[in-house]
Amino acid sequence: MLLTEYEGKQRLREYGIAIPEGLLISKPEQIHRWKGDFPVAIKAQVASGGRGKAGGVLRAENASQLLTQAQTLLTMEFSGEKPRSLLVEPWIPHEREIYLALTIDVTAGGYVIVYSPQGGVEVENQQPVQYSFGAPRAFRAQALREILAPVESDGSLRERIITFARRLLYLATAIDAITVEINPLIVLSNGHLLALDAKIVRDEAAAFRHADLSAAIKTSRKREPRAMAQALAGNLMMVWLEGEIGLISGGAGMTMAAMDMIADEGAQAACFLDCSSNPTPAGYSLAFKILDAEPQVKAILFSIFGGGTHIDRVARTLHDILKKRRSKKPVVIRMNGTGRFEADAFMQSVGLTNHPTLEAAVTEVVTLASSV
Amino acid sequence: MLLTEYEGKQRLREYGIAIPEGLLISKPEQIHRWKGDFPVAIKAQVASGGRGKAGGVLRAENASQLLTQAQTLLTMEFSGEKPRSLLVEPWIPHEREIYLALTIDVTAGGYVIVYSPQGGVEVENQQPVQYSFGAPRAFRAQALREILAPVESDGSLRERIITFARRLLYLATAIDAITVEINPLIVLSNGHLLALDAKIVRDEAAAFRHADLSAAIKTSRKREPRAMAQALAGNLMMVWLEGEIGLISGGAGMTMAAMDMIADEGAQAACFLDCSSNPTPAGYSLAFKILDAEPQVKAILFSIFGGGTHIDRVARTLHDILKKRRSKKPVVIRMNGTGRFEADAFMQSVGLTNHPTLEAAVTEVVTLASSV
Amino acid sequence: MSVLIDKNSRVVIQGIAGNFGKFSARDLKAYGTQVVAGVAQGKNLKEVDGIAVFPDIRTACRETKADAIITYVPAIVAFDAILDACEAGCKVIVYPGDGLPVQDAIEVRAAASANGAVIIGPNTPGIISPGKAKLGFMPSFCFLEGRLGVISRSGSLSYEAAFRLTSQGIGQSTVIGIGGDPVKGLNAAEAVALLHADPDTDAILYLGEIGGNDEYAVARYAAQADAKPTAALIIGKSAPPGKKMGHAAAMVGSHADSQAAKVAALRQANVTVADNLASLCSAAQSALAQAAHLQK
Amino acid sequence: MSVLIDKNSRVVIQGIAGNFGKFSARDLKAYGTQVVAGVAQGKNLKEVDGIAVFPDIRTACRETKADAIITYVPAIVAFDAILDACEAGCKVIVYPGDGLPVQDAIEVRAAASANGAVIIGPNTPGIISPGKAKLGFMPSFCFLEGRLGVISRSGSLSYEAAFRLTSQGIGQSTVIGIGGDPVKGLNAAEAVALLHADPDTDAILYLGEIGGNDEYAVARYAAQADAKPTAALIIGKSAPPGKKMGHAAAMVGSHADSQAAKVAALRQANVTVADNLASLCSAAQSALAQAAHLQK
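Protein chains in written order, with the working numbering: chain A, 1 to 372; chain B, 1 to 372; chain C, 1 to 296; chain D, 1 to 296.
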């Protein structure tokens, strides 16, 4: 779960990292609440990256300009996302922008501190230094100091960075964040550091021990389009795509493999829909309900290679669902895995066709979809 | 910093420990906001212990009884403390009350889980079991399981306790709590656990990495009587006492030792006032200002045995303060430690008497205080 | 041992009292795996299907000299269960569950390393050395004893791949499901190293996907002068960027996450990369043929 | 070594660039302590008062073979400074600062133990072995070489006590300020054990206070058959219950926290407990006399 800049900054402040005194507004008329000096920065609160380059951060010299800009920003879209709110902050003069992040080094299987002596929008052109240390208890100030030394000649700044890195680690472990990125982190004339931006990603798997995260996930799911919200509520993993082939599958790997194979046949999947987290009658029924209701879907491929999921049971479930189903959209089945002999026998007995290979099933469903 | 039951329960809920759905009110007329069933428990929110025995928890059968009880509780005092708010919760039927806490084992220098199979008000008569494990990473479910086994025969409950203990540890490290006590933790008929009370103590030393804790400390200091608030704001450690001898001292040990000696002489200190955290002209001036303004204080003992504090500098500061001071309250001085030769020479030169021993100084100040 | 497990592995099933645990016990025994104990925490159970059941992992391992475990417990208690298993003496720990917090995964990885143990998972069907032992819930009939080592980030894809290989008569030495999470117990680099050292493995097949860095670790391995011939299939070429495709790590954020970049890196390292599932067996066969050629 | 430090101790002063660090450097050298290095992190400083200054503890220890450190840094960075010191090879680490979070104190205690190091503090003036070495900022003139080992939870009280002892000609082997925090590096039980093992210490004087459990640890020690004769003074008898008296641990919560309960426990264990400061020296003398008697 990616926090907005404002939410992220509140977390930084909570854990002892200084941020500018800002004002969050959701309507232009709330602008009058800004009691600080000018100029100010006004920033669209969106989850998508590249906001700065897309014109999502503006500078206002006075109140009337600020109002105009607030009106403008609230009507803009950033990668298809409308800002729900705007953050107003003083425009802070500074000499240096640096980059500091704590994230996960998936190769090493642990935490990593990433530092670049030049932050801001140009950070992508930099080669940052990295301190990959694994478990939180393995973090050592001295190790980070030695890594920073060649790229950061300002000793006093180096020590502040180390202190901040320690706090980022404390914050990350306390709230189960998998990324805490500050870009830019600015150096004020007195040497102090201030976080001008914040990107915090929390680990959704840890929601069981964070009621606020759990609530935020629920809220964000409700904001999804109806089909997505339904799928997520039913514990199905779904991503909506552009194509016409509805795909009900089991396991992320085989779902993607089927998508790829559909693409190889010149067609396109309408969705990634993985039922492996809820391989029950309720889960499969919901999957059909969602795809049947979606006009974009012309035909459905039902593809399961079951390990823990016993496909003989899935076959019975599928038969029940298809019997009751009103939609006329064609359904093509390919199942294999645990229980396949029983499944095949049952399907034969009720007149369902189980395609022997994924290739055969994909060819069939692509043909059916294009002939609708 | 001791959190109120309500604040503590919010923390428990945040970290995945179930609590009853309650309503916090600060005025009796807010009682109508209670939309739940009856009977309910209504509980005074105070920091002092023994609330239950002191009548701070009542049971209301209906709305009118609830209103009366709210009015009653808000006028009561618990160890001199008026409740600032009341917590209304459903009265929850349950079969068992247990006790679970995470706190600090000062002997081992680490964390300890404390469990008693019988919680509630009778817990003090129980011999709880303890699992002292040191640093958070040393916590082992299996070790706790083996400690619980002899006292907790319900295996399924045992596993739930272990899961809860792990969460308490996560909570404690995430918010720098030094005590998280749930008493009682109740067992519902479905085997689930619910925290009926919560006592959380946060480590004030960790305020630098928790803005909320830092803010709470500031707020609670403002609530102190004026003299205390002044002392705390000036970084002086002060405890107000009943006596007549104002005590300005350095170091907790010597401050207590002087208090004890005053008591041995049949008098009583007006305060514990330790300036060692702020041994500056501003700190000492503030100490005199506070004691001079307090009519209870009849005479002042200024007692410093300096190590890091150089008493020759203190002597100069003291001379400046006494010159400008308007109060006529007698001041008795005893200083020793780093810089004592320079201090003695200076004091002699300006006509200040430095008593050679604490005994001599205490005898003098007690005499002066009783003759005022 | 072949890789990690073999006929001598002594297996504990944690969560044996549940339906899935009971099925798994029968399934593993049917495959010839030595299931020596079950664990049913908090339950007063003595035996399931002829297997002795213990109240905790430490007791189970002490009483039965077990050295491997598959643990069917929810993510909420997985951290402690895996720590317990590490310290009870299990050297191979399969954790099939998903939803283990990354922070917990990092900690158990460190704990396993400190205890000389290997964790397979999270989010994995487990590991199988066909004809020798199985520690997982993959469908047994898909697998055939042989000399191709297989590593897969996806469970379902590994069944499909093994089924195709087996249908073509290409047997497998060991098939390891490393799982789809960003932080894994055994990662691709470590899995490759195990297969590299295994005398029963002639060539390696890697089944990867978008997101994460595992594919680059495989490429680094394959670029070594002494690497065993390696084939690969990378799925997710049709996945849109910025969307998590089921697996927590399966997302194209940067270019390096994309299927195209990964395929290019693998090919650069002389890995035979299949274009799609249909050409998987020929890619594997090509790697095995290279291996046969090298051995001459 | 006497206890923890002696003439051979090679000391680093961290924070030597500050006023307090500079004073401390001169003060320790004046006492004959070998101050071999200073550390001024983040500062480009080569030397203070003839002492070589390094940018970090590891470099300082490597270059100067230092084995002890006194670290004047604020609590916010103390955790990392102490970890660095442990791993740089310092075997004795004095941390005088107060305000170290309990969680951090627990961690550094564990780290010290893992590295075979001892932390004195937090919230301590340090340790002194009169006539041999000083690692702290206690006023030197208060101390006299001798055979009484002293342990104190309070810095200021330890100066007063040492001054009284010295005035009476009662010398001290080592005076250890264990500090007033609830979780300490070296606690009373461990300090007593060190003095017990020290051949230069004949008897022990313990200066305690209300709150915490250290006094009971001392009583447990004194009750041992082979314990060295022990005297004690416990302050805080006039402190009201429920109020924290300066030190984080100095509060009477339960009866066990009270001065009376502690005095009773100590007397029960044959400790000579002084009623007040005035009788401190005679209590110490009585312990030393017992020791002399035992040695005959």
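These aren't lab readings, by the way, just hints derived from the structure by calculation.
Misleading hints may appear alongside valid ones.
[Claimed, not checked] Calculated pairs, EDC-like style, for lysine to aspartate or glutamate (alpha carbon to alpha carbon, straight line, at most 16 Å):
#, chain 1, residue 1, chain 2, residue 2
1, D, K43, A, E146
2, C, K243, A, E242
3, A, K35, A, E21
4, A, K324, A, D292
5, D, K243, B, E242
6, B, K53, B, E21
7, C, K22, C, E47
8, C, K243, A, D320
9, C, K243, A, D292
10, C, K43, B, D154
11, C, K237, A, D264
12, A, K199, A, E364
13, C, K237, A, E81
14, A, K82, A, E224
15, A, K329, A, E364
16, D, K65, D, D49
17, C, K244, A, E204
18, C, K237, C, D198
19, D, K29, D, D6
20, D, K22, D, E47
21, B, K329, B, D292
22, C, K43, B, E359
23, D, K244, B, E294
24, A, K328, A, D292
25, C, K43, B, E146
26, C, K43, B, E159
27, C, K237, A, E265
28, B, K329, B, E364
29, D, K237, B, E242
30, D, K46, D, D27
31, D, K43, A, E152
32, A, K218, A, E204
33, D, K244, B, E224
34, D, K43, A, D154
>> Hint compliance check: list the failing hint numbers for this structure, sorted ascending.
In response: 6, 8, 9, 12, 13, 16, 18, 22, 23, 30
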